[in-house]
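Q: Following the numbering used here, the numbering of the sequence shown begins with 59 at its first residue and continues without gaps.
Bear in mind the hints are in silico, worked out from the structure with no lab data behind them.
Accuracy of the hints is not assured; some may be wrong.
[To be verified] In silico DSS-like cross-links for lysine-lysine, where the CA-CA straight-line distance does not exceed 30 Å:
| hint | residue 1 | residue 2 |
| --- | --- | --- |
| 1 | K226 | K163 |
| 2 | K196 | K236 |
| 3 | K259 | K236 |
| 4 | K196 | K226 |
| 5 | K271 | K220 |
| 6 | K163 | K276 |
| 7 | K321 | K159 |
| 8 | K271 | K298 |
| 9 | K139 | K236 |
| 10 | K246 | K259 |
| 11 | K256 | K276 |
| 12 | K187 | K220 |
| 13 | K236 | K163 |
[What the hints assert, rightly or not] Per label pair, the in silico range of CB-to-CB distance:
| hint | residue 1 | residue 2 | range |
| --- | --- | --- | --- |
| 14 | E166 | L240 | 15 to 23 Å |
| 15 | V244 | S124 | 18 to 26 Å |
| 16 | E235 | N101 | 37 to 45 Å |
| 17 | R274 | K226 | 20 to 28 Å |
| 18 | D109 | A232 | 40 to 48 Å |
| 19 | Q149 | R251 | 18 to 26 Å |
| 20 | G272 | N127 | 18 to 26 Å |
| 21 | G128 | Q152 | 24 to 32 Å |
The C-beta atom is built at its ideal place from N, Cα and C for all residues, glycine as well.
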Amino acid sequence: MRNILKITSVLAFSALTFACGSGQQKEEAAAVKEESPAKTDSNDGFVKIFDGESLNGWDGDATYWSVENGAIIGEITEGTKLERNHFLIYQGGQPADFEFKAEFKITEAGNSGVNYRSEPVEGLAHALKGYQADIDGKNNYTGQNYEERKRTTLAYIGQQTKINPQEKEGNLRANVEKNAWLGLEVVKELGDRAEMRKVVKSNDWNEIRIVAKGNRLKHYINGTLMSDVTDEDPANSTSKGYLGMQVHVGPPMQVAYRNIYLKNL
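Let the sequences and hints guide you as you build the complete structure.
A: Right, here's the structure in full:
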C-alpha cells in the first residue's frame, strides 16, 4: 500500500509540475508573441500616396479628375470629350526603382493606364510620355507595357521581352511598325493569353502592381505577371520619372483608382 501511495503521490506531483510548466510555457510564449508580433501587414514598406479624400499631392485637370467614395475618378462625358490624352500626375517625386500597387475599376468603353518613369510633354499641360501599364475596359491590353508617345508596344500580354536599340535611322516612329517597337524581342511566353486575361474582373475592382528595378519592368494584375520587359535601349529608356494615371481619347468612360501605394526599392 505504501508503494502504491508513493507512486500515486509521484504521479500527482509530476502531473502538477507538468501542468504548471505548461502554463508557464504558454505565458512565456504569449509574452514572446506580444513582444515580437508576426508581420502580417501587406503594406509593409509602402507609403500611401492618395489620402482617399482629396487630390492633394496630385496635379490634373479638374474637368476629368475628382474624388468620390474614397477613390480617384477619371471621367470623360459627352460634354468633356478629349482631343488628347490627359494625366493626373503624382507630385511627390520622380521614382526610379520602386514598387507601385493600387486597385482599379474601369467601364467597358474605358481606356486608361498607369504611367511611370515618364517625362512631361513640352507645351502640353498634364501630358506625359514614357512607360505605361495599360488598362482597358474590354480587356484587350490590360497589363501590357505600352510606351506613351515614344516606342509604343514594348510587350504584349503574356510576353517577356528584351528591347533592343533602334534599328532604322531617323526618329522613333521610323522604328515602329503596327504600333509596336521593331526592337521588341520575345524572350519567353508567360502563359496562354486567353487564360491570362481571365484573371481580370470586368467592371469590378482589380489590383495592379508595377515593379521597376534597373532596366527590368514587370506588370502584375491580380497577382499574375502579365508582361516583363528588360529594356536594353539606352538611347530611349528612362531610369526615373513622373508617375501618373491616364484618361484616354475616346467615348464617354470612367476609371477609378483607390488604395494607392508606393515603395522605393
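Q: Taking the numbered hints from earlier one at a time, note which ones the structure violates and give those numbers from smallest to largest.
A: 1, 4, 14, 15, 19 and 20
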